[in-house]
Amino acid sequence: MKYIDEFRDGRLAAGLARAIAREAAPGRDYAFMEFCGGHTHAIARYAVTDLLPPTVRMIHGPGCPVCVLPIGRIDMAIRLALARPDVIVCTYGDCLRVPASGGLSLLKARARGADVRMVYSPADALALAVREPAREVVFFAIGFETTTPPTALVLHAAAAQRLDNFSVLCNHVLTPAAIAAILESPEVRELGTVALDGFVGPAHVSTVIGSRPYERFAAAHRKPVVIAGFEPLDVIQAIRMLIRQVNDGRAEVENEFTRAVTRDGNRKAQALVADTFESRPSFEWRGLGAVADSALRLRPAFARWDAERKFALDDRPVPDHKACACGAILRGVRTPTDCKLFATACTPETPMGACMVSSEGACAAHYTYGRFRAAAQRTD
Amino acid sequence: MNTLHATFTRALDLHHGRVDLGFGAGGRAMAQLVAELFARAFANDYLARGDDGAVLPAPAPGERLVVSTDGHVVSPLFFPGGDIGSLSVHGTVNDLAVMGARPLYLTAGFILEEGFPLAELARIVDSMAAAARTAGVLVVAGDTKVVERGKGDGVFITTAGVGALPAGRDPGGARARPGDAVLVSGGIGEHGMAILAQREALAFESTIVSDSAPLNGLVEALYGAVPAAAIRVLRDPTRGGLATTLNEIAAQSGVGIELEEGTIPVAAPVRAACELLGLDPLYVANEGKLVAVCTAEAADALLAALRAHPLGAQAACIGAVTADPQRFVQIRTGFGGRRMVDWLAGEQLPRIC
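As you go down the protein sequences, you meet chains W and G in turn. All the letters of the first sequence, read from the start, carry residue numbers 1 to 380 under UniProt numbering. All the letters of the second sequence, read from the start, carry residue numbers 1 to 353 under UniProt numbering.
None of these hints come from the bench; they were simulated from the model. Please read all numbers here as calculations on a predicted model, not as lab measurements. Don't be surprised by glycine CBs; every beta carbon is placed ideally from N, CA and C. It is possible that part of the hints are untrue.
As the list claims (entries may be wrong) - Incomplete in silico selection of chain G near chain W, CB under 8 Å:
#1 Val67
#2 Thr207
#3 His309
#4 Phe335
#5 Gly346
Stated by the list, open to error - Derived list of chain W stretches under chain G, where covered just means 3 residues or more per stretch with a C-beta under 8 Å from a C-beta of chain G:
#6 48-55
#7 257-264
#8 300-308
Pulled out of the complex, with its shape left as it was, chain W reads as follows (with noise of 0.2 Å):
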């Protein structure tokens, strides 16, 4: 498949593996924080760290939208589903199996006879809103930056066509804030904290907001991002980027994706955002805990599309299991076979904490892709 196929080329993984060992400064190690889910995914799917130096370490960060939604805010759309037959919730496939309160998902939610729906975009939402206008459709919208301009769109859309049946139940996070958290929170002082030596920023998000946002974090911080795409060759080119920027005592933000990122991103989409949407004070993390000015809720102008207002919905904080480690795994401090329910407890058929619950978390792609590394050392 053309744009793909030469992402995945073996041979020029094995050429930029060994520019790296050749790069990779003696007598140190490297730790490098991968901040989306997709990155996480490519990097457990194509094996990438079997082609890194065992002293350049990858940790993975909190950036899987469906990992850090909190068990309250699912807990909210299933009451709703449940307490109003009138009500159908839509939202994207994976974030169906989410496990709630009282041992529910929206799946299960559904077998109990709640009327839940998996929808490919908002759009297919809306239009079945148009479809149904005796029902009341309620769209459950999670994601970073990049899934938030097709939800303004279908507001706007609903707007314009005084869809009175349609509504949103906002979810949207965004990067920059989660990234500071990692760094800056107070878990941090509770948790200790690794020595971070750079981040690979994800790809989509920037191909929205630009790699503009990560320059002043950079600077504050001292800490080099480069913008990556979620193939495997993006990702170990990234790390490359990377590894030269500590080499080089540089902290910037480079643009590995140059294909689709640009330093300011998407000013219309942007602009579109800005007019829909404006910034919780503070939301929940699942792993992270609350963190301010870190997601989007929409702006009174959009009141009559809101579900949170329109169903006078209340957000019940609940906690995570106490034996759960996401928090510190989300922020590299621990790994996933250091948590007590890892594999035990936590699997990816009876989820536990953030990490495991999509197949992007950290511990989710340690267990369906690398198991098997754990148990060869065992039998060592």
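Chain W is already provided as a structure; the job is to place chain G on it using the hints.
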């Protein structure tokens, strides 16, 4: 059947009629449906007798019987490359075939929803009959039930099948041994993606067609190519896809399996559609593919036999069985690394990003 026909004053309206509860009530309406639709389509002496069961000849001396059954609840009922009717034949024929058996007879149980158009039912039954003819099996007994409107999904079909297992053939999931080769008969994921594209009305640039097909001819070609004992395991990787089938074999045999990613055939449109939706073709369903585990010595001959058959033109050797007490299925990625191919957790759902 002619005597039965004489008892119905007016023929069934197979163009505009709809299923009503009377068709499942056991009376004249049901007899007419059976006579004018099922018995006509499946026409054979066993069914035509209209008795409560079919009296079948015993298999040849030395042969054993293989029995299998499968329920079909596919949505949509019609999809590119097939429909629930042909699928219900292929599903059971293939289950028998990958047991090494020659499929002989099927039974079919229909659960129909009140209001379902008879024209669509006739299309399904005719397709089923055509699939049975192609596979060389007879539908010898059946059952019809009608459920009230809203209590079904149009049509559900359960088929059971009987096949004869020739002496010497004994493939089984527990027979894979380290060093064996793993073959697959063609591109994976075609049925699952065809259904998904149709169900979700996803407009891909090219239409993905289901691979639904009977595998018994292919299996006979395999047994014609090598001594029966060289064929250790045969499976059709349906729901859960190739990955699930290989994990089942690894678990049953107490072995590991190591795959070479670059050798696994996946048609370009399937790859592209999977890529777009964040799905892994290894976990997507097939209805006309088989996986064969065989001795290393037999691999080339079996591969040649597969490729010489129209259903196996894209066949490939995709890996080998290893000694692994953990029973892990692993894959060497085209990128140069190695990872696990685990059991599917729940249903494979499209990813958000």
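A quick look at each hint next to the structure:
1. Annotation: interface hint on Val67(G) violated; nearest CB of chain W at approximately 31 Å, more than 8 Å.
2. The interface hint given for Thr207(G) is violated, since its Cβ lies 17 Å from the closest Cβ of chain W, which is over the 8 Å cut-off.
3. Because the closest C-beta pair between His309(G) and chain W is about 28 Å apart, greater than 8 Å, the hint is violated.
4. Because the smallest distance between the Cβ of Phe335(G) and any Cβ of chain W comes to about 4 Å, under 8 Å, the interface hint for this residue holds.
5. Hint on Gly346(G) holds. Least Cβ distance to chain W is approximately 6 Å, under the 8 Å limit.
6. Only when three residues or more bring their CB closer than 8 Å to a CB of chain G does the claim for the region 48-55 of chain W stand; here the count is 4, and the claim holds.
7. Coverage of the region 257-264 of chain W by chain G is violated [criterion: at least 3 residues with CB-CB distance below 8 Å; count 0].
8. Counting residues of the region 300-308 of chain W whose CB lies closer than 8 Å to any CB of chain G gives 0, so the stated coverage by that chain is violated, three being the minimum.
The structure does not agree with the numbered hints 1, 2, 3, 7, 8 stated previously, though it agrees with the rest.
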